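Asks: Sequence:
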Amino acid sequence: MNESQLRDLLEAVQNGSLSPDQALKDLHHLPFEDLGFAKVDHHRALRHGMPEVVLARGKTTEETVAIAGKLLEQSDNLLITRASEKTATAIQAIDNRAEFFARSGTIRVWGNREIRGKAKIAIVCAGTADLFVAEEAKITAEVMGNEVETIYDVGVAGIHRLLSNIDRFESARVIICCAGMEGALPSAVGGLVAVPVIAVPTSVGYGASFDGLAALLGMLNSCSSNVSVVNIDNGFGAAYVATLINRS
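Numbering (our numbering), first residue to last: 1 to 248.
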């Protein structure tokens with residue numbers, strides 16, 4: 001239940017079209033619903049403006065489906081990250097609107113497509129190998145009510161590709177920048193724009209990249225003061241923070 005739905009409920013009680021008992025029943029599962037193996041946080045949409053997101057990794061298919069079913073009872077939108085094709089098939093069996101994005105392992109039900117962001121979020125990635133993270137960020141940002149611009153394969157090894165797209169990311173209110181290897185791209189982007197740049201190190205690169213650790217440390221040491229950093233491969237986290245910035 002989000003803020004708009006709660007307001008509608010209270011107004012219905014006020015005008016007499018809904019009884020207090022029925023309203024109490026509708027509010028029964030706030031702030032959370034206990035499934036035994038999980039406590040589904042229906043109150044999160046009121047606190048954050050976005051419903052709870054399900055991390056499928058580490059859960060059984062049955063657990064993920066049970067949590068998803070309860071969330072869909074209260075929300076038109078659902079986001080599941082790091083899911084398998086088996087889990088996606090099971091989710092599609094309970095809701096045929098569910099989309100599966102195999103590259104990032106993301107499942108989305110996107111019933112409410114209201115744009116709530118004030119401007120665009122641009123998602124930039126260094127290379128095609130980084131697309132699994134960029135896609136997770138894109139799907140997350142869209143389902144959370146943002147207009148998204150994607151600019152892919154513009155890493156510093158061919159920086160002319162980045163410079164030829166300046167007008168596209170200069171119009172964004174916040175930029176998500178995904179890169180592996182040495183993680184230099186966010187610094188280059190940050191030096192060109194006057195908006196927040198959320199850097200996402202990816203686990204792409206040869207041995208001394210240490211599965212994204214080199215990119216993470218490089219981004220944390222960025223000389224561009226508008227760059228902040230999330231965890232390795234965390235496209236979801238970057239999109240969540242970008243959404244909050246874009247709504248403020």
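What the hints contain is simulated information worked out from the structure, not anything from laboratory work. Remember, it's a predicted structure, so these values are computed and weren't measured experimentally. Please note that the accuracy of each hint is not assured.
Unchecked claim - DSS-like mimics (lysine-lysine), calculated; alpha carbons at most 30 Å apart, straight line:
id	residue 1	residue 2
1	K118	K86
2	K86	K59
3	K70	K86
4	K120	K86
5	K70	K39
6	K70	K59
Asks: Between K86 and K59, does the CA-CA distance stay at or below 30 Å?
Replies: 12 Å, holds
Asks: K70 and K86 were given as a pair; does the straight-line alpha-carbon distance stay at or below 30 Å?
Replies: 19 Å, holds
Asks: Take the C-alpha atoms of K118 and K86, compute the straight-line distance between them, and say whether it is at most 30 Å.
Replies: Distance ~37 Å between K118 and K86 Cα, so the pair is violated.
Asks: Assess, step by step, whether the Cα of K120 is no farther than 30 Å from the Cα of K86, and give holds or violated.
Replies: Measuring from Cα to Cα gives roughly 33 Å; hence the hint is violated.
Asks: Tell me if the straight-line CA distance from K70 to K59 falls inside 30 Å.
Replies: Roughly 16 Å between the alpha carbons, so the hint for K70 and K59 holds.
Asks: Between K70 and K39, is the straight-line Cα distance small enough, at 30 Å or below?
Replies: Holds. K70 to K39 sits at ~10 Å (cutoff 30 Å).
Of the numbered hints given earlier, the model fails hints 1 and 4; all others are met.
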